[in-house]
Amino acid sequence: MGWSRNDMAQRAARELRDGFYVNLGIGIPTLVANHIPSDMKVTLQSENGMLGMGPFPYPDEVDPDLINAGKQTITALPTSSFFSSADSFAMIRGGHIDLTILGAMEVSARGDIANWTIPGKTLKGIGGAMDLVAGVRRVVAVMDHVSKDGRSKIVEQCSLPLTGTGVVDLIISNLCVFSCAEDGSGLTLLELAPDVTLEQVRQNTGAPFSVAGAA
Amino acid sequence: MMANKVYSSPAAALDGLLFDRMCIMSGGFGLSGNPESLIPEIKAAGVVDLTVISNNCGAEGFGLWMLLENRQIAKMISSYVGDNKLFERLYLDGQLALELNPQGTLAERIRAGGAGIPAFYTATGVGTVVAEGKPVEEFDGRLYVREHWLRADLATIKAWRSDPEGNLQFRKTARNFNPIMATAARTTVVEVEEIVPAGAIDPDHVHTPGIYVDRIVLSTINEKRVENLTVREREAV
Chain G
1 MGWSRNDMAQ RAARELRDGF YVNLGIGIPT LVANHIPSDM KVTLQSENGM
51 LGMGPFPYPD EVDPDLINAG KQTITALPTS SFFSSADSFA MIRGGHIDLT
101 ILGAMEVSAR GDIANWTIPG KTLKGIGGAM DLVAGVRRVV AVMDHVSKDG
151 RSKIVEQCSL PLTGTGVVDL IISNLCVFSC AEDGSGLTLL ELAPDVTLEQ
201 VRQNTGAPFS VAGAA
Chain W
1 MMANKVYSSP AAALDGLLFD RMCIMSGGFG LSGNPESLIP EIKAAGVVDL
51 TVISNNCGAE GFGLWMLLEN RQIAKMISSY VGDNKLFERL YLDGQLALEL
101 NPQGTLAERI RAGGAGIPAF YTATGVGTVV AEGKPVEEFD GRLYVREHWL
151 RADLATIKAW RSDPEGNLQF RKTARNFNPI MATAARTTVV EVEEIVPAGA
201 IDPDHVHTPG IYVDRIVLST INEKRVENLT VREREAV
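Line order of the protein sequences matches chains G and W.
Going letter by letter, the first sequence gives residues 1 to 215 in the numbering used here.
Going letter by letter, the second sequence gives residues 1 to 237 in the numbering used here.
In isolation and in its complexed conformation, chain G is listed as follows:
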């Protein structure tokens, strides 16, 4: 039932537009790079200081001075550029990046997102997450609809420490796609994953939502 990780990445790739500058988070968002349409020019930014990320290197091309924000070895393209962390975040915070696709632990109906820590469980740090949600024009959260212990990750009010408030524009879960209204008025169900019913989404969502096209 529903979408696999790869399906979710494929669905997220439909948010790309020709000419976009895009920052992809770690995990499922990284897979979005595999689904960029061949007739579309999309430039990937890596917040450690690179624009124009290429594919992973062949074994004999590995360069320790060339990594992405997930510390993976990558390659450059003929049109790539490198710059300092301050320049990189000026790009992000200055509103020059068109789209970011990020993982999330919780998203609220008004677009708050929590994705950096679970108190008492993990201390990974903040990294670039708060800058991305605050500065990028369009924020897409890709996430499992329900946590491993069965609780909805799409909620009325986040319980985890926030990454940003009122910033998420679109939620892609393994069950469906929701838009978050810019004015904070709530969620609208846009699409169901294959073989998923409206009732299943209602049962698994911790916040009220309207259904696109329904009166």
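Derived by calculation from the structure, the hints in this document are not laboratory data.
Just so we're clear, the structure is a prediction, and the values are computed from it rather than from any experiment.
By construction, the Cβ of each residue, glycine as well, lies at the ideal position given by its N, Cα and C atoms.
Selected chain W positions facing chain G (in silico; Cβ < 8 Å):
#1 Gly-30
#2 Ser-79
#3 Tyr-91
#4 Ala-107
#5 Thr-124
#6 Val-129
#7 Asn-176
#8 Lys-224
Here are the simulated DSS-like cross-link-like pairs (lysine-lysine), alpha carbons at most 27 Å apart as the crow flies:
#9 Lys-148(G) - Lys-121(G)
#10 Lys-85(W) - Lys-224(W)
#11 Lys-224(W) - Lys-172(W)
#12 Lys-43(W) - Lys-5(W)
#13 Lys-172(W) - Lys-41(G)
#14 Lys-172(W) - Lys-124(G)
#15 Lys-124(G) - Lys-224(W)
#16 Lys-5(W) - Lys-172(W)
#17 Lys-224(W) - Lys-43(W)
#18 Lys-124(G) - Lys-85(W)
#19 Lys-224(W) - Lys-75(W)
#20 Lys-85(W) - Lys-43(W)
#21 Lys-85(W) - Lys-121(G)
#22 Lys-224(W) - Lys-5(W)
#23 Lys-121(G) - Lys-75(W)
#24 Lys-43(W) - Lys-75(W)
#25 Lys-134(W) - Lys-124(G)
#26 Lys-134(W) - Lys-75(W)
#27 Lys-85(W) - Lys-75(W)
#28 Lys-124(G) - Lys-148(G)
#29 Lys-75(W) - Lys-124(G)
#30 Lys-43(W) - Lys-124(G)
#31 Lys-148(G) - Lys-85(W)
Put chain W on the given structure of chain G with help from the hints.
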């Protein structure tokens, strides 16, 4: 004798600059662009109660991790802990103070320190724990939080090449925090893979002008450990 910025060894390049309770900025993102030769000399000097400003704190057995392991660091100002178990444990046990910053805020605070700008406003972190206790102000209908500059007693940085003036070039994503940290400390010591003669670097291609660099030394350690080796296979022809 004319001033000479080039030193003979990493230990010589740090001589007279280290003391207890000092604040050190150290370049690098993950294990990329770390001053690998200078950090062991800070360990050897044995200075303690350090405040260290760095995006991460090395990784097991590598970089700033060895100063953590040697209990020389009292406080970290960072954006990311990641899989550094020692960093996590010392913090959770109360043996290490930690000031977590959004990475862009960390970078801009350092840039501001180097540019003589004591504070600035940013939308990053508004409505989160990062903004707690800090002034928040509205500009053009949006809320922004005030953040302060960061400056240090010493910056230890890694560049690819330097000329005798300290004009620096960085290589690929090993640049990261190094150029801004070079501007924000009272003294900046840079280790490089190559010291080239005057004139070898086109002035148009200088990434960090020599005014920011006080001491230059050739790297003695260039391990450049890869944290997350990711490759693709060549398709059979």
